[in-house]
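Asker: Given next are the chains, with one letter for each unit.
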Amino acid sequence: MAAAPHALAGEVVSARIQGRRADVGGTLFKYALLGALLLTIAVLAVLLYSQVDRGSEVLTGRLGDFITSKYSSLSTRAGIKQGINGTLTIAAFVIVIAIPLGVGAAVYLEEYAQKTRLTRFIDVNIRNLAGVPSVVYGILGLAIFARALRNFTGGASVMAAGITLAVLVLPIVIITSAEAIRAVPDSIREAGFGVGATRWEVIRSHVLPYALPGILTGTVLSVARPSARPLLIVVGAKTGFFTGGDLGDLRDNFQALPSQIYQFSRLPESTWGANTAAAIVVLLVIVLAVNSAAILLRNRFEKKR
Amino acid sequence: MHTKGRWTLLLAILSVFALLASACGDDDDDAGGGGGGGNGDLSGTVAVSGSSTVEPISSAAAEAFAEENGGVDISVEGPGTGDGFEAFCAGETDISDASRPIDKEEIAACEEAGIEFIELKVGFDGIAVLTSPDNPLECLSFADLYALIGPESQGFEQWTDAQELATELGADTEFPDLPLELTGPGEESGTYDSFIEIALADIAEARLEEGAITEDQVETTRPDYNSSPNDNTIISNIEGSEGSLGWVGFSFAEAAGDSVKAMAVSEEPGGECVEASSETISDGSYPLSRSLYIYVNKAKAEENEALSAFVDFYLEGLTEFVEGGGYVALPEDQVSETTSAWEDKTVGTREG
Chain C
1449 MAAAPHALAG EVVSARIQGR RADVGGTLFK YALLGALLLT IAVLAVLLYS QVDRGSEVLT
1509 GRLGDFITSK YSSLSTRAGI KQGINGTLTI AAFVIVIAIP LGVGAAVYLE EYAQKTRLTR
1569 FIDVNIRNLA GVPSVVYGIL GLAIFARALR NFTGGASVMA AGITLAVLVL PIVIITSAEA
1629 IRAVPDSIRE AGFGVGATRW EVIRSHVLPY ALPGILTGTV LSVARPSARP LLIVVGAKTG
1689 FFTGGDLGDL RDNFQALPSQ IYQFSRLPES TWGANTAAAI VVLLVIVLAV NSAAILLRNR
1749 FEKKR
Chain G
204 MHTKGRWTLL LAILSVFALL ASACGDDDDD AGGGGGGGNG DLSGTVAVSG SSTVEPISSA
264 AAEAFAEENG GVDISVEGPG TGDGFEAFCA GETDISDASR PIDKEEIAAC EEAGIEFIEL
324 KVGFDGIAVL TSPDNPLECL SFADLYALIG PESQGFEQWT DAQELATELG ADTEFPDLPL
384 ELTGPGEESG TYDSFIEIAL ADIAEARLEE GAITEDQVET TRPDYNSSPN DNTIISNIEG
444 SEGSLGWVGF SFAEAAGDSV KAMAVSEEPG GECVEASSET ISDGSYPLSR SLYIYVNKAK
504 AEENEALSAF VDFYLEGLTE FVEGGGYVAL PEDQVSETTS AWEDKTVGTR EG
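If you're matching them up, the sequences are chains C and G in order. Going by the numbering used here, the first sequence opens with residue 1449, and the numbers climb by one from there. Going by the numbering used here, the second sequence opens with residue 204, and the numbers climb by one from there.
These are computed hints drawn from the structure, not numbers from a lab. What you are looking at is a predicted structure, and each value in this text was computed from that prediction instead of being measured. All residues carry an ideal CB built from backbone N, CA and C; glycine is no exception. Treat each hint with caution, since some may be false.
[To be verified] Cβ-Cβ distance ranges computed for the label pairs, FRET-style:
#1 C:I1587 - G:D419: 29 to 35 Å
#2 G:E295 - C:F1569: 39 to 45 Å
#3 C:R1598 - G:E546: 32 to 38 Å
#4 G:E554 - C:I1587: 32 to 38 Å
#5 G:E418 - C:I1587: 56 to 62 Å
#6 G:E540 - C:A1591: 40 to 46 Å
#7 G:E478 - C:T1508: 52 to 58 Å
#8 C:I1587 - G:E546: 54 to 60 Å
[What the hints assert, rightly or not] Partial chain G-side listing against chain C, Cβ under 10 Å, derived:
#9 I260
#10 G529
#11 A532
[To be verified] Each computed DSBU-like pair below joins lysine-lysine, with the alpha-carbon atoms no more than 35 Å apart:
#12 C:K1752 - C:K1529
#13 G:K307 - C:K1529
#14 G:K324 - C:K1529
Just chain G, same shape as in the assembly (with noise of 0.2 Å):
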């Protein structure tokens, strides 16, 4: 009795054996008939990381290329921007995305590590203001902004008590009586990062000379908001309460449909109100629009054939990739800089 047992015991550890067995001689077949699938004889990996804004733009381009090159490795992720560039300076990967340019301090990282980079601008995104339907407020302009979000507002619980400093910067919205319930992107995300740069930025500037804050304080927001690196758990957040306020990528503000409402928003206070769309995007209209832009590795691009075939395959279709990820593509003039950005393998940024 008790030896048949054991031989069932051995049988199941030796099937998984030869499960594993295999699994690792298919491996070697793989690797020996690699380039046989597809048309193209090109090997090799591409690996591309950063903002989870543009990670659909490169997936989508990614899954095409791999379809007619079997033989190439892609992995896309989307950690966000300064974490993408963070493994981009120190040379992990190989195309890093980014909702907003590189930053100094970035560029001084990548320079150290003796990584030249080439900046493709691949197309726009706005960033949506979101609230409940139920909060009456159709409008918000930066000053609004800043008074409900920046660093000075820390503290804030009810939409009221921004009303003076809302007042004080020159705006004339009246906030309802409502608690204050703030959800955005972390510091990690690029979409952090732009809001407070075209939103906040200007009047921190202006609130430093004036003393109200410190140097430390000017680029950022107030510290005690909900922070979150998932655009749904911020989605949700901003449908559960009538006070709510929030910050997403356009893209995905659309995706959610009905149940949030995307505020119209002025830059000067009492300017005009311009709500997102995709023409109010594209034409710059709207005031929280930013571009998005892939970074190449350029030393790499020369000796890895797989990488340079897969952003030329990317900026050909490169319109296609961005409408389908929801955003808004380049115009014609701007598509041609950046592919002759990349034919002339223009190294450096060319933004602020």
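In isolation and in its complexed conformation, chain C is listed as follows (with noise of 0.2 Å):
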């Protein structure tokens, strides 16, 4: 930002030379905004750095031992493996039931159903459902996934809480799919029926391979959202010691990664700080570890297109 004022001096001079009229505004506002650009990542930076200096002492002394034990009552025998399973866990059922059944119903939407006042009702309705807050899914997954099905899932199981987060991104994969689908040209679906393509090969071998990079990004960065912490809680995540919460322990007690770090703050900050602070760190190197994934399998799509 210093260099501001510099680079306005040298679009006044450079106009001058060149005999045009210099364009202030212009210059100004895309500092502007390069600064709002470089604000969000200014918080970002103070984030990691503080959490990453407030936790150092357990980062850089026992990270493998942190990230391999399960909860304990003493903050320097503590770990999070069972929050980093049940994260996991919950992030695979997200893939398997969110994502076939959010692209299916957009491409239902997009490509075969009529625009009727019906379809307008329920596009809506989707997109009201995308804004409702997640302690709401979190009591509907309570009363319905781990009441009403317990013999299903377990009770308060982190299939529970898997089937509640899939349902809680449904609309949002639904909406950025169909947004992706809606972005093929027609021209491709035109040219595809010209050649005697039938509907549903023009959409195989057309329309999802071109909407394919559009439709990863929205929906993987769905799966990366684990701001749930509130549903996760109310659909029985475990606040304290339990045991258990291995990988494929499906229909038994869980944990995971935000609502432990929620349990880890409210334990005496001078012993259980640094605790707190590294699995902070551990949740944020997860989600960009899964964004990144997502970036680089769209660019590969996007190459190949």
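Quick one: dock chain against chain with the hints and give me the complex.
Answerer: In structure tokens:
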């Protein structure tokens, strides 16, 4: 930003030399936009730095131990293995349930359904659902998946939480997929129909591959969105010591990283602060890894089309 | 080209399925060989919930027990004493941790559900009254606390606003000219209930007879204070301003160190000011000390071997677990009282 006055002077001088009008407003606007970007990055950097700093004792001293051991009431022995397992399992449920269902619904809405009052009504409601706070889904999940279907899910289990989270992100997956499909130019569909392809063939070999990068970006970002702490706690993430919580204990007690961080934050800061911060850093790293993978995957598909 | 992209996606989805399937496979193996882990043949589940103050003690016991008995599933949670009893009397938990004795309404709820409980005293905790290190006051009496936090203090924004009421109650403390910033635990907390019960209730009863407050107000604090279920929030609010005042469990206050100041407390205005420490809490000279309990569901303890083994184990290592959590252990004679209450399966409460 310090370069702004300098650049502004440069613009005025070069405009004089070239005999055109100096674009003062445009130059200032460019730097205002740059400032907005830098501010966003600065917030992330400050957050990351403060948490790495606060958790340095754990991050440098016993990181391996920290991510491979279970919760303990002793802060020096406590780990977040159960939280990581829960988060990964829930993400797997979301991928397996929400992506096929969501992409399917989006393809139907965009490619097959007639534009009637009914489909518009459905469309509006899906958008509405995307704005419902996660705690409302938590109560829904508690009532249906953790209570009514307890014989199937095993009660307040990681399966109940995974299905609930899948339902939570479903509207977002549908909306982003539908947008991506809508962005496919009609000329591509018409070319397909022109050579005698059926509707399904056009969708399968033209529309979907073209829309795939957009679908991926939207859906994977929604999978990585772990901000549903109230939902997890309402559905029954444990907030204390418990046995189990291994990968594959689908119908057992569970913990997930966001709720584990909340749990740590309630314990005395002087002894637990480093654990809380280290868990936050691990969560940030996981989210960053998932998002980077999504972007890499998208770039691959974009190159191919 | 397109074909290849589609295959990659398909492969990705399939591999997720494979991951899940293999994970399910593991689950079956575990169930089959569950008894093999540890030296105990015990299996079953034990669910503990209740006071967040007692949670560290029960957690320590559960961890040590789980190490020896791989086949038992234990979970320990700490939503608060009141919430804990609600779940306990609905039959959802096996053990309820409590930082105060069970109250009449809760006993009625348990009776209605046909749940008999065994009350076991496990240790002591003090309630620390905290302020900022910059606050000149060193000692508060119960009368001062009533004037600052009791139901009649609603609307007091300065310490000096409470002066008149405190003087009326016989206190001679001179409050500093500072804004009064109150933070404490909320109604779901046993620490909230105990604070009212020990410090405020007697004065409130007297004030009720004088007609200064209504019956509904007797067992309450002022409604206009910051309440938080998170003890760290309470501590950091107290650190944050010179005129702060709040209360938390003693072990938590001790962990907070010098960033906050624990006040000495006297029962009567002008009486002896006692500071909280394990000695003064244990011998009862610190006025704001209380007992900690666990309540065991009797019927479940009889049919669930894992549960009764867990309580046996809990009581055997009691002193170690209590002190490990930063609390004050019971003296010898009270440990044996607790042990015999468990062995005789004594039903009901012996407190108030």
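Asker: CB of C:I1587 to CB of G:E546, is that within 54 to 60 Å?
Answerer: Given a distance of about 43 Å, which is not inside 54 to 60 Å, the answer is violated.
Asker: So the hint says 56 to 62 Å: do the beta-carbon atoms of G:E418 and C:I1587 match that?
Answerer: Between G:E418 and C:I1587, where Cβ atoms are some 35 Å apart, the hint is violated.
Asker: Could you grab the alpha-carbon distance between G:K324 and C:K1529 and see if it respects the 35 Å cut-off?
Answerer: Answer holds: G:K324 to C:K1529 is near 33 Å, not above 35 Å.
Asker: Would the hint on G:G529 stand, with a C-beta cut-off of 10 Å toward chain C?
Answerer: Nearest chain C Cβ about 9 Å off; hint holds.
Asker: Are C:I1587 and G:D419 spaced within 29 to 35 Å by their CB atoms?
Answerer: holds, 31 Å
Asker: If you draw a straight line from the CA of G:K307 to the CA of C:K1529, is it 35 Å or shorter?
Answerer: violated, 41 Å
Asker: Holds or violated: 39 to 45 Å for the Cβ distance of G:E295 and C:F1569?
Answerer: With Cβ atoms ~41 Å apart, the hint holds.
Asker: The hint says 32 to 38 Å between C:R1598 and G:E546; measuring C-beta to C-beta, is that right?
Answerer: For G:E546 against C:R1598, whose Cβ atoms are near 36 Å apart, the range 32 to 38 Å holds.
Asker: CB of G:E554 to CB of C:I1587, is that within 32 to 38 Å?
Answerer: Between G:E554 and C:I1587, where Cβ atoms are some 36 Å apart, the hint holds.
Asker: Quick check on a hinted range of 40 to 46 Å for G:E540 and C:A1591, using CB atoms only.
Answerer: holds, 44 Å
Asker: Compare the distance between the alpha carbons of C:K1752 and C:K1529 with 35 Å, and conclude whether the hinted pair is satisfied.
Answerer: Given that 35 Å is the threshold and the Cα spacing comes to 38 Å, the pair is violated.
Asker: Checking hints one by one. Is G:A532 an interface residue toward chain C, by the C-beta closer than 10 Å rule?
Answerer: Violated: closest Cβ of chain C sits about 16 Å from G:A532, beyond 10 Å.
Of the numbered hints listed earlier, those contradicted by the structure are 5, 7, 8, 11, 12 and 13.
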